[in-house]
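Visitor: With the hints as extra help, turn the sequences into a complete structure.
Residue numbers (our numbering), protein chains in the order written: chain A, 1401 to 1520; chain B, 1401 to 1520.
Rather than coming from a laboratory, the hints here were simulated on the basis of the structure. Positions of the beta carbon are idealized from the N, C-alpha and C atoms, including for glycine. Treat the hints with caution; some may be incorrect.
List of simulated lysine to any residue pairs, SDA-like, C-alpha gap at most 25 Å [what the hints assert, rightly or not]:
id	chain 1	residue 1	chain 2	residue 2
1	A	K1445	B	L1404
2	A	K1445	B	G1484
3	B	K1445	A	L1505
4	A	K1503	B	V1510
5	A	K1428	A	I1514
6	B	K1511	A	L1505
7	A	K1428	B	K1428
8	B	K1448	A	L1441
9	B	K1448	A	Y1403
10	A	K1448	B	G1414
11	A	K1511	B	E1472
12	A	K1511	B	G1414
13	B	K1428	A	C1443
14	B	K1445	A	K1503
One-sided and incomplete, this derived list gives chain A residues near chain B with beta-carbon spacing under 10 Å [claimed, not checked]:
id	residue
15	I1442
16	Q1452
17	F1499
18	I1514
2 protein chains.
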Amino acid sequence: MRYLGKHLILELWGCDPKALDDQEGIEKMLVDSVNACGATLICIKTHKFSPQGVTGVAVLAESHISIHTWPELGYAAIDVFTCGSHVEPANALKPIREFLKPKHLEVLDVKRGIILEEGK
Amino acid sequence: MRYLGKHLILELWGCDPKALDDQEGIEKMLVDSVNACGATLICIKTHKFSPQGVTGVAVLAESHISIHTWPELGYAAIDVFTCGSHVEPANALKPIREFLKPKHLEVLDVKRGIILEEGK
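Guide: Rendered as structure tokens:
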């Protein structure tokens, strides 16, 4: 089954609350994740909310990586969406786990743009 | 069941190929979508690929909206991820459909950050 994009939906609970509120650290984690995947960064944007929480998006030549955090709940929602066979989104898991230290991690693996070949 | 984010995963096929390759038009569609949802735009970034295709991400005070297009296949992958009860991601569908004119649209509705209350 051919498809255009690999999209990992990550639910992280029990993360380090300080890391979840660390805008610079999250930006570095995004860059590390982009590199780990073998992707090409076009630009990155992070935003710190008051009183807490960070949003970050890395725009890639191969789609995007996003994060939204709730430090008060120890929760982060991350999406790693890549296209192209030279990029492996699962490789982003290592830098993400190292930085956020989630006690519990769920991964939903969604294929985007599925193309059914004739006869299948 | 309480949750933190509403995430609509949209698969659009049979779109207008010109619209899929129209960077300015896609940027306007993203802004219209943000407004339709009742969300607050922090920043927007679009990128045009050679020979074709556009990526766009709108970073919101309430998470993000992203689009990646394949004009040669008439396909777009869109994610509308919002948090907060004042924002309704489904309202983004109207400006998206009006601009891209998909012949076929699939919607996957994913709740992010589900919090189980005690006793449930």
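Visitor: If a hint holds in the structure, say so; if it does not, say that too.
Guide: Hints, verified against the model:
| no. | hint | in the structure |
| --- | --- | --- |
| 1 | K1445/A - L1404/B | 22 Å, holds |
| 2 | K1445/A - G1484/B | 21 Å, holds |
| 3 | K1445/B - L1505/A | 29 Å, violated |
| 4 | K1503/A - V1510/B | 22 Å, holds |
| 5 | K1428/A - I1514/A | 32 Å, violated |
| 6 | K1511/B - L1505/A | 16 Å, holds |
| 7 | K1428/A - K1428/B | 30 Å, violated |
| 8 | K1448/B - L1441/A | 14 Å, holds |
| 9 | K1448/B - Y1403/A | 21 Å, holds |
| 10 | K1448/A - G1414/B | 38 Å, violated |
| 11 | K1511/A - E1472/B | 19 Å, holds |
| 12 | K1511/A - G1414/B | 18 Å, holds |
| 13 | K1428/B - C1443/A | 20 Å, holds |
| 14 | K1445/B - K1503/A | 33 Å, violated |
| 15 | I1442 | 5 Å, holds |
| 16 | Q1452 | 14 Å, violated |
| 17 | F1499 | 19 Å, violated |
| 18 | I1514 | 8 Å, holds |
Checked against the numbered hints listed earlier, the structure breaks hints 3, 5, 7, 10, 14, 16 and 17; every other hint is satisfied.
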